[in-house]
Amino acid sequence: MLIFEHSRAGRRAAAQAPRAVAAADDLPAELLRADAPGLPEVSELDVVRHYTALSQKNFAIDTQFYPLGSCTMKYNPRACNSLAMLPQFLARHPLADADTGQGFLSAMHDLQAMLKEVTGMAAVSMAPMAGAHGEFAGVAMIRAYHDARGDTARTEIIVPDAAHGTNPATATMCGYAVREIPTDRDGNVDLDALRAAVGPKTAGLMLTNPSTLGVFEKTIVEIQKIVHQAGGLTYYDGANLNAILGRVRPGDMGFDVIHMNLHKTFSTPHGGGGPGAGPVGVSERLVPYLPIPYVVEERGFYRLAGEADCPASIGRMSAFGGNMGVLLRAWVYARMLGREGMRRVADYAALNANYLAAELRKAGFDLAFPARRASHEFIVTLKPLKDSTGVSAMDFAKRLLDYGFHAPTTYFPLLVPECLLIEPTETESKATLDAFVAAMAKVKAEAESDPEWVKGAPHTLPAKRLDDVKAARELDLAWK
Amino acid sequence: MLIFEHSRAGRRAAAQAPRAVAAADDLPAELLRADAPGLPEVSELDVVRHYTALSQKNFAIDTQFYPLGSCTMKYNPRACNSLAMLPQFLARHPLADADTGQGFLSAMHDLQAMLKEVTGMAAVSMAPMAGAHGEFAGVAMIRAYHDARGDTARTEIIVPDAAHGTNPATATMCGYAVREIPTDRDGNVDLDALRAAVGPKTAGLMLTNPSTLGVFEKTIVEIQKIVHQAGGLTYYDGANLNAILGRVRPGDMGFDVIHMNLHKTFSTPHGGGGPGAGPVGVSERLVPYLPIPYVVEERGFYRLAGEADCPASIGRMSAFGGNMGVLLRAWVYARMLGREGMRRVADYAALNANYLAAELRKAGFDLAFPARRASHEFIVTLKPLKDSTGVSAMDFAKRLLDYGFHAPTTYFPLLVPECLLIEPTETESKATLDAFVAAMAKVKAEAESDPEWVKGAPHTLPAKRLDDVKAARELDLAWK
Amino acid sequence: MPFIPHTEQDVAEMLASIGAPDIEALFDEIPAGLRCAGLAGIPAGESEMAVTRRAHELAAQDGFYLSFIGAGAYEHHIPAAVWQLATRGEFYTAYTPYQAEASQGTLQLIYEYQTMITRLTGLDVANASLYDGATALGEAVLMAVRASRTGLRRVLVPATVHPRYRAVAQAMVKNQGIEMVTVPYDPDTGTTRVADLPDGPAAALVVPQPNFFGALEAVDALTAWAHEHGMLAIALANPTSLALLKAPGSWAEKGADICVGDGQPLGVPLASGGPHFGFMACRQALVRQMPGRIVGATVDKDGRRGYVLTLQAREQHIRRAKATSNICSNQGLMVTAATLYMALLGPRGLRDVALASHANTRALADALTVIPNVRRAFAGPFFHEAAIRIGGNVEEVLRALRAQGILGGYALGRDYPDLADAILFCATETKTEADLQRYAHQLERILSKRREAPPCAYKS
Amino acid sequence: MPFIPHTEQDVAEMLASIGAPDIEALFDEIPAGLRCAGLAGIPAGESEMAVTRRAHELAAQDGFYLSFIGAGAYEHHIPAAVWQLATRGEFYTAYTPYQAEASQGTLQLIYEYQTMITRLTGLDVANASLYDGATALGEAVLMAVRASRTGLRRVLVPATVHPRYRAVAQAMVKNQGIEMVTVPYDPDTGTTRVADLPDGPAAALVVPQPNFFGALEAVDALTAWAHEHGMLAIALANPTSLALLKAPGSWAEKGADICVGDGQPLGVPLASGGPHFGFMACRQALVRQMPGRIVGATVDKDGRRGYVLTLQAREQHIRRAKATSNICSNQGLMVTAATLYMALLGPRGLRDVALASHANTRALADALTVIPNVRRAFAGPFFHEAAIRIGGNVEEVLRALRAQGILGGYALGRDYPDLADAILFCATETKTEADLQRYAHQLERILSKRREAPPCAYKS
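Taken in sequence, the protein lines are chains A, B, C and D.
If you use the numbering used here, the first sequence corresponds to residues 459 to 938, in order.
If you use the numbering used here, the second sequence corresponds to residues 459 to 938, in order.
If you use the numbering used here, the third sequence corresponds to residues 8 to 467, in order.
If you use the numbering used here, the fourth sequence corresponds to residues 8 to 467, in order.
Excised from the complex, chain A in its bound form (with noise of 0.2 Å):
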């Protein structure tokens, strides 16, 4: 049932309501609405009600094991919550002046500070508000370098065709042509063609690293010297910065900037889709350009630095300057995890992946690269078991939904057949790890035995099957 299916007319939450004064009789008629707006008629009640029922049918990292690749579901500790979501720091206008603001702003400070510290940086900006909006920052900031060395030939990012859908949609937002470069037999970036396409159009390079593949890319310094030869600056997709934090930093790989994903490796929630946040850290040459704003301390002063200080800045990202919340999240996760606790992520983020990668492998599935590490997550292809029961990944990952557990990332990256990129993280125990080992060594036997039954999965969920086709033909957006 709908939430509008509750609705009454005259049904309200009325404690909710302000006190009630008189129409606005100084406005225009003609501006004013006819009618009220459709929204519910519900009381408090059937709110909560209706939507604690409806978030039971989640699944989640607090409910079950979550490995779905590239995504980093980790455990998300409350305080970061609690904390963020103190009175004063709710309530702060984002136009208030800096001195309203020092506690909050010396956090921001703090974080950004580990930040340029963790990613080996000589500056970052947090004011991107999303990992694809971290990668449109630093692609502008490419062409914002070269436009103002009056370097306007440069018209193609390069781009490994492994790559999240974002960076070929991020330059093309940047204006940029795409060029892809294929991956070779083990997952590494071809440099041959590397060489082949860079030139005096190449504006730079985007490279996830571990990449999309799970792979640590094992040439990445001839990689980035590679496209500097040509004139091209170098971009760090950091979606995978949990497989390496505190081991190895993007700033001592040459690159010229780096995103980061806080609700990936700081832990900050998912949320249903975000918010997350992607901070952007750059190169020395690359500081001029960064986006506004960014907190600057003056002798123990704290504000955010504005037009006025950073006149060549590709300029601001959103109204207010960041999601705020959610770097306050990260500034809690960061300051509990400490200079060992952040080393100790990678570590055993590879550790779950690489025993899970094993595991996986004595249960008789198939790695996509089984002669390379795992670094924090890794990719099954099932192809084999597509071609001998029809079975394919995506209903295996249906049917994993029967057991409790969230499905991998199905289909990408896209190209290794039917595969399933599985990403544990490092807040897995063992024992969790063991059962979805046996779970999808399950889903495998009866895959052989029944294959019907499991495509037809999931059998156990508040939705059975449900018709993307259907959705996408007849479109249904809004209730009616």
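Since the hints were made in silico from the structure, they are not lab data.
Careful: at least some of the hints might be erroneous.
Cross-link-like lysine-lysine pairs, in silico, DSBU-like; alpha carbons within 30 Å at most [to be verified]:
#1 B:K515 with D:K308
#2 B:K844 with B:K913
#3 B:K922 with A:K515
#4 B:K841 with B:K900
#5 A:K841 with A:K676
#6 C:K181 with A:K841
#7 B:K922 with A:K900
#8 D:K308 with B:K900
#9 B:K515 with C:K308
#10 C:K261 with A:K841
#11 B:K922 with C:K308
#12 A:K515 with A:K938
#13 B:K938 with B:K928
#14 A:K922 with A:K900
#15 D:K308 with B:K938
#16 B:K844 with B:K820
#17 A:K841 with A:K900
#18 A:K515 with B:K515
#19 B:K922 with A:K922
#20 C:K308 with B:K900
#21 B:K676 with B:K515
#22 D:K308 with B:K659
#23 C:K308 with A:K913
#24 B:K515 with A:K900
#25 B:K900 with B:K913
#26 A:K844 with A:K820
#27 B:K659 with B:K676
#28 B:K928 with B:K515
#29 B:K841 with B:K938
#30 A:K820 with A:K900
#31 C:K308 with A:K515
Residues on chain D that point at chain A, a partial pick, calculated with CB under 10 Å [said to hold, decoys possible]:
#32 F10
#33 I11
#34 E15
#35 G52
#36 E53
#37 S54
#38 E55
#39 A57
#40 A87
Positions of the beta carbon are idealized from the N, C-alpha and C atoms, including for glycine.
Based on these hints, arrange chains B, C and D on the given structure of chain A.
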């Protein structure tokens, strides 16, 4: 799985431990424990996931209609919780001086005054921490009153047979013998039996009104007079205050003591079994005996009255004065309702109960007191159904769970065979009541066509019918 | 080890399974020269207790103010139920509902949200959110350019649009060669005159309502003009105002084509600037040009209603370089809060909020303009924000108010040099009569240069 | 109508079904003379917004203090997860799990709680909570009298038991003719000497550990003495201390028979006094004398493990006048919090809390006793509380500390006239070294009557 089954030696939620300090080498070894206490060794994620999952196994007001008779399971406004949990309120030490808590104490004084007003009593103490605790305070005051007059021959408390078990149990705890009196056919106290019961041994009467049978005692004034004329005092069990809030006041009926259940009438949460709060209101003659502390105001300064203020008090009910957090929730609720809102509580509780009773009667159910108005609750007896199908009230209740409704109270009051005591409360909508009637009718039809199916219920819950007998016979009260 | 559940025995068993001697070995594919020795610049980890205390101290340092700042972010009462429900683990720790069957909670909620937005805006379809109002405007400009049959890369934007929104949209679109032409405002009314709209073709006209000055634009005339000139009309609206003001879908004959805005007033805390969220609605015909997630209703195998992400072919993970936008994660949790807020307020409650905010701002404008030398900056109707000119140094006056615990508003001179002595203020339903009087009293005192002994302590 | 969902049409339809002309008619069985005209003394209802603002103002008025008061209620860090989970609607708005199949969440949680309490106390069984530590002591006294084979109505209670606990237990038992005999304490050590235990038979001896002064009693000797004299031994314990100190079930040869205490230190906020909760554990043989709810494991129809309320024949709703107690609602939500707390802390975490609290109190005692004229009130070991004598007016000194934002402790003279110049103080794991120094510095200053210019503002 129990939390203990997630335990693994050496695992811990490390962010929760304070900095480690050396062992307490200054303490005598013979006073120290040799082994660590066997608490679970789990991660923070283990805890969050385990208890989130457990919570989802509960029916609750926030998830289901919960017409548990005599428990007033109405909507618990969320603001009550968030405001009672403001950091300053939570942090205040109970023994901190009054000048550190003027904000908090003023709210307590305000609530105390409102409770006085709604009950019509001369004074109120909010010290008791639950309904039964309030009963204890009330009967102890009655005893203190008689003792102070040297009237020590009064050894009996009269209790109607329909009373909650807490009434006779309380009388016993206060050192009284219990004298039961019967209920007449219409659900009223049998006045002749009462007249026969009172006498020089009568210390007092405990009466619930509206009674546990869901009807208002029409002769309430006579009852009170009969007891008073015999020299006894009168105790008004306010468990059902929700039925009469703002409509009629116990003080106006001439009663000497009343307790209120704030978790019922003032909508503080039931919490899976508490905490409640059971303030007591008294007539003039019992004021000196009120339990301490209560809030007093002197020239705008608020403080808790103690032993020195109240030398005749029956004493303290708890170490620190009461369930303050529950009282704060009640205060928020009372302020949001205000005077009109309080009266509406009784109006709509009565409307819902009488409507539900009427609809169930139309659906073929037998009301225990069809000739009476329902108060805020009423009784259906399933005796005829039991006789014809073998389906008991318990079976019927279990099957209702399958339809997503918490069952009414079963087998109470004891006088009515195969009874369901149904209390819808004022916060439920007609649509919900109609859905409940439909489910009741459906279960009745099932009982008539397929009694074994109903006797086997529930069929869809996290557990099937549980074996109470085994539980009591083969005691397993802690995991080993 | 905070948040890591491994015991020593677990680690040993896992390494044995992997066949690695130690955890170090798992990083052996990383070139040795790159490996980082440690993070010396980061402090040691602290317990939750220590960080909690620190956070409380920082929060206490910032305190509370009686704020009359609006300028794009509005203080409203947020029902307690909103965040108690939105932070339930099942909403808070789920992600984008890729596995629809395991995400019906989030998906149905977004579908309900989309419905609510269409009803507020009077348009056909809505997406599942954008980052904020400013980026939503940028996306709307890009969308209008894509959708325009003219192929023109020129969009008209009134100067009465929030200056920050214009800056953000500019930064978003400039690399695609799109020109944003600023339309000047009428200095008397602070609104956009049809007569001032520039000649020459364009893909779209942005129509703010209320505009940045809080003033109400002649939306019908502006929309009609856009349509007459073959442009799309992009409405930029405050969602609270939509409970009271004419829905963009009803502007002029055909209605605005796209409506965007910032959803923060719908149950989202100010929080120094975010996370807020942007909403976007449009006519059905434009849906395939819309950026961001969209949820659609469908049926499951048994024919029962259910919800899925749909029209994914627009999006970056499918369409890559040809996607409508690069947006991926949006502001899902804020949408959850907004949905709860709109459900709790309902049509009448939201209208009451709009009316009370309007009435308070009107009362405050009246109270302030009896102070000598203080006058309204613009004539004409406003929603819940208005500007006054004080004939003095605004920054100094605001500082003096701040010392009394009052945030008096936004200094318009920061963006509009010709409004150097103007303050933009807002009084939502959260303000009491006493609050309004306090502001008026203090402003009067400051402007008349009277001293007041102890600073008042609303800030604590 | 706040919290009432009825529309006018609903009301009309419902009245029609009932056959009543109006709502008034539903009250027609109430004698007319009794009907109340209205509640003039109660203010008009206010919106959630207005009450929220008022509550925030009251809270701000009270502020925060740096508190060193213990005396039965202890400030500990409470993990954020505890109350975020405990206030989930499914825990918060369920009731006593009468319908077991629909309450497995609460039932299993209580079973886990009972298990944790048995493990902390070293006893066999535990109930699902009592109101607080003081009433738990009263119930333990009643239980011991019922269980005692002697039939005696006399119980020995050391003067080192919390004075409030003694008062509450006294008020609970006196009407049943039970005598509580106070055992004096050794003025040197602040503990109970076996030599001071009175002659004559009794049903039980109460043994506090730590006692009200924070001092550690000779629990083995006291327990052994009780058993030698045919009495039950009732342990009264601080639950945090049980992670460090010998479990009551292991005291002397046979162990204490019953253990009670206040569970507040286990994740429950101080909150001006409540709700806290009392815990109770006992030997298996006494289980049928135990008051309160008890959850037991069983199986369902399919043989799967499940949980139910059990041994209900002890309780008031079955046994009525012969019940073990009149208790019905207990402190369920606090038990939920405590279970979460104990699970999050675990054996090592709780031990760390105990150790840190002990170490801080020791450090503070050392720092305070270097101040001239300040000395420990008692020799001997203590847990996380200790008493000092300051040789001056305690109330005045505490007031002076309060002016500096410090709550210095509890004035023992309020209950023990011979300790008129003594302060009982406590420093749990929440205190930093700087906090301890601040207290010592201020006390030293106050006692030496030096003035300090501006009061320090921890209180905000």
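Hint by hint, here is what the structure shows:
no.	hint	result
1	B:K515 with D:K308	18 Å, holds
2	B:K844 with B:K913	11 Å, holds
3	B:K922 with A:K515	22 Å, holds
4	B:K841 with B:K900	17 Å, holds
5	A:K841 with A:K676	27 Å, holds
6	C:K181 with A:K841	44 Å, violated
7	B:K922 with A:K900	26 Å, holds
8	D:K308 with B:K900	23 Å, holds
9	B:K515 with C:K308	27 Å, holds
10	C:K261 with A:K841	52 Å, violated
11	B:K922 with C:K308	28 Å, holds
12	A:K515 with A:K938	23 Å, holds
13	B:K938 with B:K928	18 Å, holds
14	A:K922 with A:K900	20 Å, holds
15	D:K308 with B:K938	23 Å, holds
16	B:K844 with B:K820	19 Å, holds
17	A:K841 with A:K900	17 Å, holds
18	A:K515 with B:K515	13 Å, holds
19	B:K922 with A:K922	24 Å, holds
20	C:K308 with B:K900	27 Å, holds
21	B:K676 with B:K515	42 Å, violated
22	D:K308 with B:K659	51 Å, violated
23	C:K308 with A:K913	11 Å, holds
24	B:K515 with A:K900	26 Å, holds
25	B:K900 with B:K913	14 Å, holds
26	A:K844 with A:K820	19 Å, holds
27	B:K659 with B:K676	26 Å, holds
28	B:K928 with B:K515	22 Å, holds
29	B:K841 with B:K938	43 Å, violated
30	A:K820 with A:K900	14 Å, holds
31	C:K308 with A:K515	18 Å, holds
32	F10	6 Å, holds
33	I11	8 Å, holds
34	E15	6 Å, holds
35	G52	8 Å, holds
36	E53	9 Å, holds
37	S54	6 Å, holds
38	E55	5 Å, holds
39	A57	8 Å, holds
40	A87	4 Å, holds
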